[in-house]
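The numbering used here numbers the first residue of the sequence shown as 543 and each following residue consecutively.
Any given hint could turn out to be false.
[Claimed, not checked] Restraint ranges, calculated between C-beta atoms of paired labels, are given here:
| hint | residue 1 | residue 2 | range |
| --- | --- | --- | --- |
| 1 | F848 | G738 | 38 to 44 Å |
| 2 | S846 | K581 | 22 to 28 Å |
| 3 | D868 | K788 | 31 to 37 Å |
| 4 | E633 | A789 | 30 to 36 Å |
| 5 | E741 | G879 | 33 to 39 Å |
FYI, nobody ran anything at the bench for these hints, they're computed from the structure. Ideal placement from N, C-alpha and C gives every residue a C-beta, glycine not left out.
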Amino acid sequence: MRHRSLTAVVLAAVLAATTGCTVERHWGGNTNTGGSGGKAKVGLVTKTDTNPYFVELRNSARAAAQANGADFNALAGQFDGDNDGQVRAIENLRQQGVNTILITPSSSTGVLKAIKDARDAGVLVIALDTATEPPDAVDATFATDNFAAGEQQGAYVKAALKGVPPKLLMVDGTAGSSVDTQRHTGFLKGIGLTDGSPEIKGHTAANGDQSLAQQGMENLLQRSTDINAVYSMNEPMGRGAYAALKARSLTGQIVMGSIDGGCEGVQNVKDGLYAATVMQFPKKMAEQGVLAAVEYAKTGKKPSGFVNTGSAVITDKPLPGIESHDTAWGLQNCWGGKK
């Protein structure tokens, strides 16, 4: 009996160790990696699941996956800047056996280890909308050239001021995000300023949130109302800034631009909340990401580098030297629900 009991214990230990290795291999990457000819299994990780931009990205990716016979699952951080939530999402998707992860990183550096672990396990990782730092931390990036989009906004605001020196307030996004940095620096180049320029009268960070942007703008306006230009990193923050300006009857003296190209944002331009917005194309990013995932599962071929999915100035006040489309065109090509 003692001999049989000892044998049973040893056998149980061996089985437990074997099971543990199997689990570890599954966590470390599924066997249906690129080039196996199997089905694409695509996971999407967005910054949030409520921002209309990321809702459009998710819906477009899901539709493209369905059209191309790919499995699809979408996860998100709880808020813009929820790096830990995105890391957990990547690990969750790896457990589910995805062979491609599409991600819009909240922090361009915070998810790098989780991304490296996924790539080491044979998972294709593509950044959508937001680049990582360094860019080659992922296999490829499909996104708006955010520096160019910011530069377009800055050039428009400068032209709209018609030679009057700017007195500028800046409503930035999430600190540490490459999108925030690129749009901010692009805008300054377009308007002809630097971060140290005295023409910048103040700035606030609002993490992409409309309410935070309104509060931040209200705080800035308590210091001075002698301004004539506003930079907003995205349209929800543009709406928040507008609400604060309207409460002080300042909207008539301000030229404000924004970036996104959502249908609500284009309508905002038409209604005069801000002079122009720069449209980007999340549907194109999502579709191209899913098609790359399908190709990877089938042949093992990976995309590489940065793929610019384009941007366009939308305004009903066209200016010389600024290529633009009117809001009628914008409402035909915008993303998200019309208000």
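Hint check for K581 and S846 - Cβ pair distance inside 22 to 28 Å: Holds: the Cβ-Cβ distance is about 23 Å, inside 22 to 28 Å.
Range hint 38 to 44 Å (beta carbons of F848 and G738) holds or violated: The hint (38 to 44 Å, Cβ to Cβ) is violated, given that F848 and G738 are roughly 29 Å apart.
Beta-carbon spacing of D868 to K788 - inside the hinted bounds 31 to 37 Å or not: 24 Å, violated
Distance restraint hint 30 to 36 Å, applied to the beta-carbon atoms of E633 and A789: 45 Å, violated
Consistency of beta-carbon spacing, G879 to E741, with hint 33 to 39 Å: Given range 33 to 39 Å: holds, Cβ gap about 37 Å.
The structure fails to meet hints 1, 3, 4 from the earlier list, while all remaining hints are met.
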